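Participant: Modelling step: build the complete structure from the supplied sequences, incorporating the hints.
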Amino acid sequence: MRNYILRRILNVLLILLIVSILVFLMIRLIPGDPARIIAGEHASEKSLAELRAELGLDKPILIQFFNWFGKVLKGDFGYSIFTHEPILHDLLYRFPNTFELAIFAMIFATLMGVFAGIISAVKRYSILDYASMIIALFGVSMPVFWLGIMLIMIFGVKLDLLPTGGRLS
Numbered sequence: 003m004r005n006y007i008l009r010r011i012l013n014v015l016l017i018l019l020i021v022s023i024l025v026f027l028m029i030r031l032i033p034g035d036p037a038r039i040i041a042g043e044h045a046s047e048k049s050l051a052e053l054r055a056e057l058g059l060d061k062p063i064l065i066q067f068f069n070w071f072g073k074v075l076k077g078d079f080g081y082s083i084f085t086h087e088p089i090l091h092d093l094l095y096r097f098p099n100t101f102e103l104a105i106f107a108m109i110f111a112t113l114m115g116v117f118a119g120i121i122s123a124v125k126r127y128s129i130l131d132y133a134s135m136i137i138a139l140f141g142v143s144m145p146v147f148w149l150g151i152m153l154i155m156i157f158g159v160k161l162d163l164l165p166t167g168g169r170l171s
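What the sequence shown shows, in the numbering used here, is residues 3 to 171, in sequence order.
It should be emphasised that the hints constitute simulated quantities derived from the structure, not laboratory data.
Hints may contain errors.
As the list claims (entries may be wrong) - Derived Cβ-Cβ restraints for the label pairs, each shown as a range: (1) 13 <-> 166: 36 to 44 angstroms; (2) 21 <-> 69: 12 to 20 angstroms; (3) 163 <-> 21: 16 to 24 angstroms; (4) 8 <-> 93: 23 to 31 angstroms; (5) 152 <-> 49: 39 to 47 angstroms.
Said to hold, decoys possible - Using 25 angstroms as the maximum straight-line C-alpha spacing, the simulated DSS-like pairs for lysine-lysine come out as follows: (6) 76 <-> 61; (7) 73 <-> 61; (8) 48 <-> 61.
Here the structure is a predicted model, which is why all the values come from computation and not from measurement.
Just so you know, even glycine gets a beta-carbon here, dropped at the ideal spot from N, CA and C.
Facilitator: Below, the structure is given as structure tokens:
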């Protein structure tokens, strides 16, 4: 059992490393210059060169990756381009609301699942049984991001029952 757990932990670490490499490379392949985005359109070449050196963008990509990965392992995720705050600060600021939303979503899904299961067990082969199976299959098959947008449009925009801006805005 210990070998199995150790193997699973090593697999997770390997997958995290591979995903980190892929995400880092994909971000580096995006057209555009991060230094120009941060400094603005009218920045001089001298200030851009200084910013690239400060950010480490003038180094080879392998060195950039190891510098970035080392900082991430220490909890330094860098600074947000939008808020100019440390990214870890932004994550910790938003985490309680995300956690609360996840807890209530799990409670809601559990209650709905138990309710649908009871109805399906009591009214076996009835229209309610088939309807609950179709709704469950539809819910599992639907992309979560699309369902979220549709629920915001229905309950927030059309019915005006829920806020659309979020708790932090």
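Participant: Between the alpha carbons of residue 76 and residue 61, is the straight-line distance 25 angstroms or under?
Facilitator: Judged against 25 angstroms, a Cα distance of about 21 angstroms means the pair holds.
Participant: Look at the Cβ atoms of residue 8 and residue 93 and judge whether their distance stays inside 23 to 31 angstroms.
Facilitator: 29 angstroms, holds
Participant: Is the distance from the Cβ of residue 13 to the Cβ of residue 166 consistent with 36 to 44 angstroms?
Facilitator: 40 angstroms, holds
Participant: Starting from the range 12 to 20 angstroms, see whether the pair residue 21 and residue 69 falls in it by beta-carbon distance.
Facilitator: Given about 18 angstroms between the Cβ atoms, the range holds.
Participant: Need the status of pair residue 48, residue 61: alpha-carbon distance at most 25 angstroms?
Facilitator: Given pair residue 48, residue 61 holds - Cα atoms ~17 angstroms apart, limit 25 angstroms.
Participant: Given a hinted range of 39 to 47 angstroms, is it respected by the beta-carbon distance of residue 152 and residue 49?
Facilitator: For residue 152 and residue 49 the Cβ distance comes to about 45 angstroms; the hint holds.
Participant: With 16 to 24 angstroms as the target window, see if residue 163 and residue 21 comply at their CB atoms.
Facilitator: 38 angstroms, violated
Participant: Could you grab the alpha-carbon distance between residue 73 and residue 61 and see if it respects the 25 angstroms cut-off?
Facilitator: 16 angstroms, holds
Going through the hint list in order, the structure does not satisfy hint 3, though it satisfies all others.
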